[in-house]
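Produce the entire structure from the sequences given, and follow the hints as far as they go.
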Amino acid sequence: MMYNIVLQNLSITILSKLLSFISFLYIAKLLSPSEYGILVYINMILSLLPMLQLGSMHGIAILLPKKIAEKNGSENVFFLVYNTFSHLLQFLSAIFLLFIDVMLNKFIVVIIALNFVLSKYLENVQIYLSSHLEFQKLNIIKTFDQIIRPVSVLILFTLYKTIESIFIAQFTVSILTFMLSYYFVKLKINLPELKIIKNILKEIYFVGFFIYLTWVIDILFRTADIWFISQFYTLEELATYGFVSSLALNIWLLAMSFFSPYSQLLYKYVAEGNFVEAKKVVENTNKKLYVLLSIISITAIVLYPILLRYFIHKYFGTELLFIILVLTSIFLSINNMYIYYMISNKLYFALLKSQVSILLLNIFLNSVFAFLHLPIFYFSLSTILSLFIYFLLVKRAFYIDINKKLGGKWYEKVNEGFTSTNALSKI
Numbered sequence: 001m002m003y004n005i006v007l008q009n010l011s012i013t014i015l016s017k018l019l020s021f022i023s024f025l026y027i028a029k030l031l032s033p034s035e036y037g038i039l040v041y042i043n044m045i046l047s048l049l050p051m052l053q054l055g056s057m058h059g060i061a062i063l064l065p066k067k068i069a070e071k072n073g074s075e076n077v078f079f080l081v082y083n084t085f086s087h088l089l090q091f092l093s094a095i096f097l098l099f100i101d102v103m104l105n106k107f108i109v110v111i112i113a114l115n116f117v118l119s120k121y122l123e124n125v126q127i128y129l130s131s132h133l134e135f136q137k138l139n140i141i142k143t144f145d146q147i148i149r150p151v152s153v154l155i156l157f158t159l160y161k162t163i164e165s166i167f168i169a170q171f172t173v174s175i176l177t178f179m180l181s182y183y184f185v186k187l188k189i190n191l192p193e194l195k196i197i198k199n200i201l202k203e204i205y206f207v208g209f210f211i212y213l214t215w216v217i218d219i220l221f222r223t224a225d226i227w228f229i230s231q232f233y234t235l236e237e238l239a240t241y242g243f244v245s246s247l248a249l250n251i252w253l254l255a256m257s258f259f260s261p262y263s264q265l266l267y268k269y270v271a272e273g274n275f276v277e278a279k280k281v282v283e284n285t286n287k288k289l290y291v292l293l294s295i296i297s298i299t300a301i302v303l304y305p306i307l308l309r310y311f312i313h314k315y316f317g318t319e320l321l322f323i324i325l326v327l328t329s330i331f332l333s334i335n336n337m338y339i340y341y342m343i344s345n346k347l348y349f350a351l352l353k354s355q356v357s358i359l360l361l362n363i364f365l366n367s368v369f370a371f372l373h374l375p376i377f378y379f380s381l382s383t384i385l386s387l388f389i390y391f392l393l394v395k396r397a398f399y400i401d402i403n404k405k406l407g408g409k410w411y412e413k414v415n416e417g418f419t420s421t422n423a424l425s426k427i
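Residue numbers for the sequence shown, in this note's numbering: 1 to 427.
Be a bit skeptical, because a hint or two may be false.
Within a straight-line C-alpha distance of at most 30 Å, the following computed DSSO-like cross-link-like pairs (lysine-lysine) qualify [to be verified]: (1) K353 - K161; (2) K161 - K66; (3) K186 - K17; (4) K288 - K66; (5) K268 - K161; (6) K106 - K29; (7) K17 - K287; (8) K66 - K137; (9) K405 - K346; (10) K186 - K280; (11) K287 - K161; (12) K198 - K288.
Label pairs and their computed distance ranges (CB to CB) [stated by the list, open to error]: (13) E277 - F364: 35 to 43 Å; (14) L381 - I45: 44 to 52 Å; (15) L92 - I301: 17 to 25 Å; (16) E193 - L18: 46 to 54 Å.
Keep in mind the hints are simulated off the structure, nothing from the lab. In this text, a Cβ means the ideal position worked out from N, Cα and C, and glycines have one as well.
See the structure below:
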């Protein structure tokens with residue numbers, strides 16, 4: 001069963017990424033560097049706005065499977081309260097968006113804000129279905145959303161060739177996706193009494209806020225290079241870095257779709273206290289991930305110069321930058337299962353300590369590069385160095401904790417993974 005689900009996920013993702021890739025390349029080809037720089041800037045703002053949720057999404061993702069495992073029906077009220085409150089915060093975030101100068105007319109900004117609000121229900125429904133292990137329904141929604149969306153963007157952009165057409169197409173698909181999501185999970189407003197609401201929100205944020213801190217640091221880390229370039233370099237340079245970064249990031253997004261079902265299994269095993277299976281899930285998933293990432297990354301690196309020369313006709317001389325950012329996507333991918341384990345076991349402070357360290361390192365290096373006004377390539381070096389250190393830290397933390405829980409000698413595994421000259425080949 002899980003094999004079929006993973007196969008469906010990969011099929012959906014490959015098709016959607018192919019369509020998104022075509023749409024992405026076509027947009028990058030037709031927009032001028034300054035116009036594409038504006039698009040990169042808007043996407044950066046949209047990636048930061050969910051921070052205003054303050055961790056509710058992370059709390060529900062961890063706690064809902066545990067409520068379901070209790071088998072007392074409490075998960076329905078629990079999700080209802082979260083869903084209602086998260087939409088309130090999303091609406092307030094959308095209002096905040098209206099006051100940010102994104103260099104587009106107000107009508108389009110309103111469209112972007114409405115699309116942002118509608119996207120929250122889709123996100124919540126996916127959490128609900130994933131927690132109930134209803135992967136078939138989840139894949140139906142993902143098929144509709146991830147395939148229709150890039151097709152719509154491509155069609156409308158082909159007709160009008162403007163940034164505005166991109167957001168109008170996305171908003172149209174969001175309306176249709178909302179209707180489909182509502183069909184599977186009905187929106188209810190019969191909230192419980194205020195005391196119960198307070199207790200549920202308190203429980204969600206007690207768990208979610210610490211996870212939120214780790215997530216915020218992760219977001220800040222992944223957008224630091226873009227932010228520094230947007231503030232201290234030209235729109236054209238922002239467009240160049242944004243194009244290469246977005247292209248390389250597809251590798252990470254593809255990997256996320258691969259290990260998404262396994263992450264839900266990991267949460268389930270941790271909730272049940274089954275750490276033998278939890279360890280197997282992490283290790284087996286990563287082994288499969290290494291093979292997948294190797295194939296995709298090598299293919300991408302070989303084809304990238306051909307893509308620039310025969311289709312994009314711009315952004316030449318960025319081949320080395322692309323290789324570094326591909327490696328960045330690889331480390332983002334292989335870190336995830338370790339991070340999911342640490343979060344589900346409430347190892348927040350250990351994770352935060354590692355994240356804060358690499359964030360400060362990344363910001364310091366980016367500040368130096370911006371002050372010296374070095375070429376934008378240097379920002380990718382800061383990112384990959386920080387991510388490599390982060391990989392070593394979270395992998396070590398995982399094996400220390402999991403082997404303690406299993407009663408084993410954690411240092412044997414640590415030594416195997418970190419003192420051997422063939423460490424990476426043994427992963």
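- Task: Of all the hints given earlier, name the ones this structure violates by number, lowest first.
- Result: Result: hints 1, 2, 5, 10, 11, 12, 14 and 15 break, sorted rising.
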